Amino acid sequence: MGMTMTQKILAAHAGLDHVEAGQLIEADLDLVLGNDITSPVAIHEMDKMKVNSVFDKEKIALVMDHFIPNKDIKSAEHCKCVREFACHHDITNYFDVGEMGIEHALLPEKGLTVAGDVIIGADSHTCTYGALGAFSTGIGSTDMAAGMVTGKAWFKVPAAIRFHITGKPKKWVSGKDVILHIIGMIGVDGALYKSMEFVGDGIRYLSMDDRFTIANMAIEAGGKNGIFPVDEQTEAYMKAHSRRPYRVYDADEDAVYDAEYTIDLSTLEPTIAFPHLPENTKTISEISGDVVIDQVVIGSCTNGRIDDLRTAAEILKGHKVKKGVRCIVIPATQGIYLQAMEEGLLKTFIEAGAVISTPTCGPCLGGYMGILAAGERCISTTNRNFVGRMGHVDSEVYLASPAVAAASAVTGRISAPEELGL
Amino acid sequence: MQAKGSVFKYGDNVDTDVIIPARYLNSSDPAELAIHCMEDIDKDFVNNVKKGDIIVADKNFGCGSSREHAPIAIKAAGVSCVIAETFARIFYRNAINIGLPIIECPEASKGIQAGDEVEVDFDSGMIYDRTRGTEYKGQAFPEFMQKIIRAGGLVNYINEKN
Chain A
1 MGMTMTQKIL AAHAGLDHVE AGQLIEADLD LVLGNDITSP VAIHEMDKMK VNSVFDKEKI
61 ALVMDHFIPN KDIKSAEHCK CVREFACHHD ITNYFDVGEM GIEHALLPEK GLTVAGDVII
121 GADSHTCTYG ALGAFSTGIG STDMAAGMVT GKAWFKVPAA IRFHITGKPK KWVSGKDVIL
181 HIIGMIGVDG ALYKSMEFVG DGIRYLSMDD RFTIANMAIE AGGKNGIFPV DEQTEAYMKA
241 HSRRPYRVYD ADEDAVYDAE YTIDLSTLEP TIAFPHLPEN TKTISEISGD VVIDQVVIGS
301 CTNGRIDDLR TAAEILKGHK VKKGVRCIVI PATQGIYLQA MEEGLLKTFI EAGAVISTPT
361 CGPCLGGYMG ILAAGERCIS TTNRNFVGRM GHVDSEVYLA SPAVAAASAV TGRISAPEEL
421 GL
Chain B
1 MQAKGSVFKY GDNVDTDVII PARYLNSSDP AELAIHCMED IDKDFVNNVK KGDIIVADKN
61 FGCGSSREHA PIAIKAAGVS CVIAETFARI FYRNAINIGL PIIECPEASK GIQAGDEVEV
121 DFDSGMIYDR TRGTEYKGQA FPEFMQKIIR AGGLVNYINE KN
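Chains as they are written, first to last, in this note's numbering: chain A, 1 to 422; chain B, 1 to 162.
Do not take every clue at face value.
Derived list of chain B stretches under chain A, where covered just means 3 residues or more per stretch with a C-beta under 8 Å from a C-beta of chain A [to be verified]:
{"id": "1", "segment": "26 to 39"}
{"id": "2", "segment": "63 to 69"}
{"id": "3", "segment": "83 to 89"}
{"id": "4", "segment": "92 to 105"}
{"id": "5", "segment": "135 to 141"}
{"id": "6", "segment": "150 to 159"}
Restricting the straight-line Cα-Cα distance to at most 25 Å, the calculated cross-link-like pairs of lysine to any residue (SDA-like) are [unchecked claim]:
{"id": "7", "chain 1": "A", "residue 1": "K50", "chain 2": "B", "residue 2": "K147"}
{"id": "8", "chain 1": "B", "residue 1": "K9", "chain 2": "B", "residue 2": "N47"}
{"id": "9", "chain 1": "A", "residue 1": "K71", "chain 2": "B", "residue 2": "E32"}
{"id": "10", "chain 1": "B", "residue 1": "K147", "chain 2": "A", "residue 2": "S53"}
By construction, these hints were calculated from the structure, which means they are not laboratory data. Small disclaimer: the values here were computed from a predicted structure and weren't measured. Positions of the beta carbon are idealized from the N, C-alpha and C atoms, including for glycine.
Given only the sequences and the hints, what does the whole structure look like? Please build it.
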């Protein structure tokens, strides 16, 4: 029986010729990731271990990104704890204010994640690096602690669902619309415990940033990981960002899949997830009546990359954010921030009446920098719209692409870019 | 090892944001997290929960964020076991790693109602609804996970190996 991309990567990291779905294995890790919320818990767990040294100081990444620059004293204590740990263990890839970015945008940009890697991260959106052809998955703080000490983690080898991506997307249809469409189709537990493998000739029309967005939200379908094959775009990205060697694993022709779907990109429309689950999707033309909004967030590990900001700026250029709407733009990394500045995107945002924030996860999870009051609605390029996710339990989050979010900022209600004559 | 208590019942897709809202994640103290457990889905939970009580839910319990604070908050609130039709995978791992017993059992998740007195035998995987006189066979853990649970969590398991 053949193996999927994911199974091949896991087999290679477990020193096995072959693995199959359901098998429990112990795999070597190429990178262990934590942030300012999950790392303090991991550090506390590590303190309880007999061995209190890290397996490889080069293969641990600690990114302060959720509540930083610190929003309050408790957050400051958390970051201090991680900072001291990083200093004590001489962790090479520790990213603090000034160098940091949202972890899942930062690590590929810094070249720390490449094809063929096995990566665990104490953050559910660690699945993002599957865009590069890596196996990466979210775990909790105790697994992170064990990973930092042993350099290994146990996995149950996942079964897989294959998505054949065909066709060319229409203007204003992005990776976000692809993944929201898929989650709407299979549900928030449609890929529970499974790999989501994306293949097909339509992938060439998806930029790396589109692919990061798609892999990022595999978790929103319950997936263990999302993964793309490596093509010329992937190789160009890795060569531009990383000096690490990468390894390409293609699925065997006789690999087994629990289910297969075909997604014709040319048929997709801008798609929005209504409260309070990412599976509650509607295409823009299915929305009846005005959905008036109070806030727009363009950013996050899902959609805070340069392509996302370019799209938002293209729409906002020459327009004004509707009076009474707050539009918050958050470049995901310092590098993206700088690039957006050099390209004049930040000028466009400010002239439109948007505010630009330092990189932070902040509002996505209701931390800070854009909390909603009772009864308020936000259209957001983030990844979750659960009850209370961005603030008050009676607030609402609508998930959408940067194009729809930017157009909605101008009209004050959920809108397609075409409404602005674009 | 056994659990015994009255049941708090919830539906599908109970996410980690409602189990412990992110606005409280500036703390990692179990007792502090427990005060806010289930706050955004059931404000009365923390006032009514007693040591040993059991949560029963439908599918995909614990979906969303990887925050280990979620099972930590549930355990620190006094809950002895969570029974669900299915669990989100990161929550599943985290619960085992921190020693919060969880059992997947679709039949029990349908049959058991809020307020029922329930007993769970982790060794056999049997679930007894004493209020209704019904019993269910939950899914046993694979041997590998049983070793972690017997050791009292992943940290102890690693300590035993070294």
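Right, here's what the structure says about each hint:
no.: 1; hint: 26 to 39; verdict: holds (count 3)
no.: 2; hint: 63 to 69; verdict: holds (count 7)
no.: 3; hint: 83 to 89; verdict: holds (count 3)
no.: 4; hint: 92 to 105; verdict: holds (count 4)
no.: 5; hint: 135 to 141; verdict: violated (count 0)
no.: 6; hint: 150 to 159; verdict: holds (count 5)
no.: 7; hint: K50/A <-> K147/B; verdict: 18 Å, holds
no.: 8; hint: K9/B <-> N47/B; verdict: 15 Å, holds
no.: 9; hint: K71/A <-> E32/B; verdict: 18 Å, holds
no.: 10; hint: K147/B <-> S53/A; verdict: 24 Å, holds
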